[in-house]
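Protein chains in written order, with my numbering: chain B, 180 to 288; chain S, 180 to 288; chain V, 180 to 288; chain P, 180 to 288.
Honestly, the hints are just simulated from the structure, not real lab data.
Possibly wrong hints are sitting among the right ones.
Identical copies carry no separate label here, and so any pair may be met within one copy or between two of them.
Derived pair list, reagent style DSSO-like, types lysine-lysine, alpha-carbon separation capped at 27 Å [what the hints assert, rightly or not]: (1) Lys-277 to Lys-263; (2) Lys-213 to Lys-285; (3) Lys-263 to Lys-285.
Small disclaimer: the values here were computed from a predicted structure and weren't measured.
Protein chains: 4
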Amino acid sequence: MGYHEWKSCIDACLQCAAVCNHCASSCTKEEDVKMMAGCIEMDMQCAAVCYASAQLMSMGSPHAKQLCSICADICEACGNECGKHQTEHCQECARICKECAEECRKMAA
Amino acid sequence: MGYHEWKSCIDACLQCAAVCNHCASSCTKEEDVKMMAGCIEMDMQCAAVCYASAQLMSMGSPHAKQLCSICADICEACGNECGKHQTEHCQECARICKECAEECRKMAA
Amino acid sequence: MGYHEWKSCIDACLQCAAVCNHCASSCTKEEDVKMMAGCIEMDMQCAAVCYASAQLMSMGSPHAKQLCSICADICEACGNECGKHQTEHCQECARICKECAEECRKMAA
Amino acid sequence: MGYHEWKSCIDACLQCAAVCNHCASSCTKEEDVKMMAGCIEMDMQCAAVCYASAQLMSMGSPHAKQLCSICADICEACGNECGKHQTEHCQECARICKECAEECRKMAA
């Protein structure tokens, strides 16, 4: 098992990492940054773990499933936090995080 | 300028990072690993810079263009190295590297 | 040239990446997060490029010098931004960023 | 809990990531690359997870302990693989991996 078999989860993780980086950066430019503080924090953690998960999967690592299990938890938490805000980047990020959490749950199963 | 305007280059960089990780790992499993040594080395460097480029672009960084210029050089060098080998993962990696080099050149221009 | 010759710059970049991640996260917990917005943004970009620079240097890449030149610029910009704030994590980050900028300038020379 | 409390584990993970990148790259330059194939593979996976662990710890993430538990397993596996080879970079990497595994086990406890 490896890159081609796991491609939909790899793509979801890479997409999620990018959207989290975008959301965190966009949150710092919002009028009420304080309201976005939790979102920025979760985005940063989520981007870090999503990319590491994509790396292990791309390498066909036997540890990929374990990492995807943690990744699913973080994506879900990040999606919940982003989902509280009506800004476009937060709504987009919430949606992508939830899709990624689902892909990672399937990988980890 | 940022995530949405730069999305095709971000996607190319993320795809390239994943395929390089896959190619490096696959190269270590080939019969003649020694022949693949240069490919593994380039894949590792290319994955590192592609991901950093995707990060800066996703964050809308004013330094993204500069980094994409280096990324284009590394993708081109990696694509040339991979292109020497007939294995499927090397051919796939060569193609993706060249597409990414082109996207990064456009970004850097 | 590679890991052992470049070790002081590698260590500076890794330290800088970690301190930037810490500073960004700590900034989101400050009373006046809005004042910290620019600092969070710079921290995120700086961490990304510092880690990629450490990677290329550790791999002994011929592209390491080029990347360290960009890294020096980002570290300097991040250090200047962090230096505006009196919080302990910003002052610590400003100092580490400036040391890293100096190490990267030497590498790039 | 966060950056300063977890600093010895963060430093161990960053050091381990750098040494793994160095070892993988050095392995590709050995006379008998085929013998090093497993080492290169483990180095790549170990570097990826060590850096993600350092990131989560630097951010003070509540998920850091979980990730350090996986990281300890991968560092141990990588250290065992590297320990089979007498080259200086493999012996150095084996030692750093084992120290990092120990730090990560303490974090995860």
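Status of the hints after comparison with the structure:
Proximity of Lys-277 and Lys-263 under a CA criterion of 27 Å is satisfied intra-copy only: 13 Å inside one chain copy versus 38 Å between copies. For the identical chains of this complex, Lys-213 and Lys-285 are neighbours neither inside a copy (35 Å) nor across copies (34 Å), given an alpha-carbon limit of 27 Å. For the identical chains of this complex, Lys-263 and Lys-285 are intra-copy neighbours only, at 25 Å inside a copy versus 35 Å across copies, given an alpha-carbon limit of 27 Å.
Taken one by one, the earlier hints fail for this structure only at number 2.
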